[in-house]
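A.B. asks: Model the placement of chains B and C on the given structure of chain A, informed by the hints.
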Amino acid sequence: MKIRANLLIGGILFATVVVAGLLAPLLAHTDPVMDANLMYAEEPPGAEFWFGTDAQGRDIYSRVLHGARISLTVGIVSQLINTIIGVCLGLSAGYWGGWWDDFVSGLTNLMLAIPSLIFALAIMAILNPGLTSLLIALGLTNWSFTCRLARASTLSLKSQGYVQAAKVLGYSDIRIMLTQLLPNMLGPIIVIGTLGMGGAVLAEASLSFLGLGIRPPYPSWGSMLSDARDQITTAPWISIFPGLAIFVTVLGLNLLGDGLRDILDPQSRTRRI
Amino acid sequence: MAAFLLRRLLQTVPILLAVALIIFILFSVIPGTFASSMSDDGRSVIDVQVMERMNKEFGFNDPVYVRFGKYVAQLVQLDLGTSFRTRQPVTKVLAERMWPTLLLTFASMLFSIVVGVPLGFIAALRPGSWVDTVSMVGAVSGLSLPKFWLGLLMMYLFALVLGWLPSFGYGDGSLRYLVLPSIALGVAPMALLARTTRAAVLEIMNADFVRTARAKGMSERKVVQWHLTRNALVIVLTTIGLQFGTVIGQAVVIEKLFSWPGLGSLLVDSVTLRDIPVVQGAILLIVLSFLVINTLVDVLCALIDPRIKYT
Amino acid sequence: MLKRLLITTAIALAIGGVAEAQTPRKGGTIRFTAPYGSSFANLDIHTSNRAQDEIWAKAIHRSLYNWDAAAGKPVLELAKSVEASGDGLTYTFKLRDDAYFHNGRKLSADDIIWTYNHLMDGGKAYPGARYVRMIKGAVDVEKGQAKTISGLRKIDDNTFEMTLTERIDPGFYFWTATTSIYPAGESQNEAFASNPIGLGPYKLAEYVPGSRLVAERWDKFYNTGKPYADKVAIMIMGEASARDVAFRNKEIDASILGPAQYVAYKNDPELSKGLLEVAEVYTRVMGMNPEFKPFADKRVRQAINYAIDADLIIKRLVKDKAYRATSWLPPTSPGFDKSVKPYPYDPEKAKKLLAEAGYPNGFEFEWTATSNESWGIPIAEAVIPMLEKVGIKAKIKPVEGSVLSEVVRKGEYQAFLWSLSTGPDPQAALKCFHSKTPQTACNYTLFKNEEVDKLLDEAGSTNDATKKVENLTKVNNIVFDEAPYWFFNYNKAVMAHQPWLKGLQPNATELAIQNFEEMWVDESSPAAK
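Residue numbers (our numbering), protein chains in the order written: chain A, 287 to 559; chain B, 5 to 315; chain C, 3 to 531.
Just chain A, with the same shape it has in the complex (with noise of 0.2 Å):
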């Protein structure tokens, strides 16, 4: 019961906000960064702005409805990257074993210890700030918990009778490794993924906060939330609108993983208590 609610009500917010920023310049009232007009500013919510104008005179809405874009492009892309280093490095180091795994458990313990939002922060500092850079600094810093698992995952499963079997028969290791063996990490390496990318819309709410997120012309949640700081006792509806986006968002992507893992995970199964 319980475990198809996470999943439907994580999916649905989910499945919202991706169709909000897919079909963002349709809805959109209008342009989310040439449209600024200063007669307009701090307006609150009304008829003609949904959500209220900000400081500089721009329609909330329709930027709140671009910045889905923005965020999920941050959520998914950097955890695409983390998503492919973790998976690639975890993989061959646990099949391979040796000192190439000795190798990549090494670099692991060493990413996990440097706490990523440091490491983050150093990166948009040399790269100076746009969604590039940021896009390569979460990409770089968040993939060792997806390098732990793929590795743990290929330890377990490289034992198994069908890999032995396709050994073998011939098959090469990279055959073996991508067709018998990341099929079956892909349930727990999804979760972590859907997991992640909240976490990376969070990660640059606070790099904005900390003087080094996305600038314009993109209309970031992050920086929306982190440059309207000092007006939330004059103007909240500034800032409350793309923090609520957020929330929607993370918990949303939290949920739908939480959801995935309940199914995906082969122990819990029998666990329909």
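Rather than coming from a laboratory, the hints here were simulated on the basis of the structure.
Just so you know, nobody snuck in bad clues.
To spell it out: a stretch of chain B is covered by chain A in this simulated footprint if at least three of its residues, at any positions, have a beta carbon under 8 Å from a beta carbon of chain A; those stretches are:
id : segment
1  : 19-25
2  : 138-149
3  : 152-166
4  : 245-252
5  : 281-292
Here are the simulated lysine-lysine pairs, DSSO-like style, with alpha carbons at most 30 Å apart:
id : chain 1 : residue 1 : chain 2 : residue 2
6  : C       : 233       : B       : 96
7  : C       : 149       : B       : 60
8  : B       : 60        : C       : 145
Note that CB positions come from ideal geometry on N, CA and C, so glycine has one too.
C.D. replies: Below, chains B and C alone, put in the same frame as chain A:
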């Protein structure tokens, strides 16, 4: 056990060196220097001769590899160099700021454990019930808010509106000042711990040896107490250890917001002002603490569960 | 606008005046804030020229001169009198005989001479060297060719002579905290770094790095009867939103406001009573690099000034927390010409000028800016649509503060947005436009104009004060016409203070820097004991 500890100790050294190298390289390519940061508010002009003297004083006239070599030589003697900004030894600068961060980190971890673990337990003992749903959704919500926003809202509510707590700073070191920052910081790990505990407990409850114990007629209560606690504890402890690194990283945001004089805000300031020795020193210190905590956690786990053996 | 400015300044002075009229109360703690970052550099003020550090330095240290906020000029602080020689290059100072360092030692000419020599120490880089270099022989010490500055001569314990290399007013050079006088020979001690000894009204009691600095009354301060308050507690709070909460919660006595809070406080019946507003000596500008082809043409630069509706931005975005800029020098400066009108908002004229210059369809440029809310990316964001209307496309290049400072000085930019200090000394401010001033110093836009050079050289060599001001005014006007910058606004600094805090000074050089001995708290303060 002794061999394990020794190996861990030895592993620490190359990790620290690698971190030092990475940070060193990162910061030698970063644009902007300490000298230029001194005039970033447009208030006064940094003149050329002063800048040249600064470069000489900080050793920037040497090539990169020479500087790194000197740095490593200093590291071996446990000397972290001199801060550009304060002109004091980095060890002194770090020592002044370490205690507040440790305090904050431990307080938030304490909060997350004290609230999160029981929450996870309760949810797991009645899976699928409304108690389970509510606590898990609540927990997940805690993970879905940017920390500085949560902190700001809490500051507004508890300090200004309700007037229960002071809104900022370290104060006289009394506990009142610690409450808001540690809760703001601790909400996310609390949520994670709650979910991890729930998953761990559920997994173990259905494991073979528990069913065996039940079949043998052991009372429900004893089952819970004996097997569950020990096994769940191992998983929970490991998560705590891993969370520690995340919490230290996130502390940066909270420290800046609450004017908490810790390592985190020192680190951010030093990055902004390009005070490289302090950045390097602070990161090394953080990494070292993380490694130490995780080793402690591993040792604790081994003590709790004798089946865990480290070779 | 100017009338508004004059009224505001008058009110600010009046507030200061009214405050003085009440009898200052002795005792209590002043709970001040340092809003420009989350830490102080260290306790050696010679090493830092940041406004943030000068805030605490004013409690513990003193320099030869001090800034008189009411008069708007530097006045003697550690000296009783000064005499200038006929050629205007040698100044003889008679020190006060009632100044004691916090360790009980009396101030003597040796301390001043030692301090200035110390600042020129070639091994360490002290920002104050820039000022001391004006003394004859200082450069030799810096280069290591001399042990002491030849231009500083001790006549007796209370008198010394300073010979300068140029005709400048020493008051403008020796009032900042980076030239604070230290007791001779003491700063070499380890202890000095954590326990600075100075001549200020308070001595150090407690320092928690990253959190606060507390200083307690120095009984032997030379201004008898002052300081009034027993203690000064300076809280380091860089976050405006956190300061807002703390101020409303009455945990702090004073807070520098940003534009958003300015609006909120102005509209609040209680909070609006405690606002101190001052026109500061900072000009916010967009610099244009003449090495980027379109900006080499004066018509393009003027077009940009016509194309931007600065008043609207000031009103709507900056929430009236600024004054429209009508030149390089701020209105409080002697060289400011009230008769000059600002560039009006005229996009049609802008388009015409652009067409004349050969850019009928506009052009594109890259705009380097930091994330500062008052003179950074938010301003650029507001300007971009306006420039778009006349065909100019601007793309923002976000950078950190230290990077901005570096690339502007190296000329690695097309356009930048910054807040630059344009006072209090008009001569120093306008010197930036002399063609001999390098880009690394402050001639960021490689300005070159023969007339300006001539006028500046004359002003530098004359002793006639009126001629000086005349020349400087002419230079200021030429610069405004040549438009090497888009002139945006002058900063209006606003400090909110609790009703029980009195004696704040309208310091136009930097409102957050206050002489603590003039302030006191009355009984209604929670920290009145």
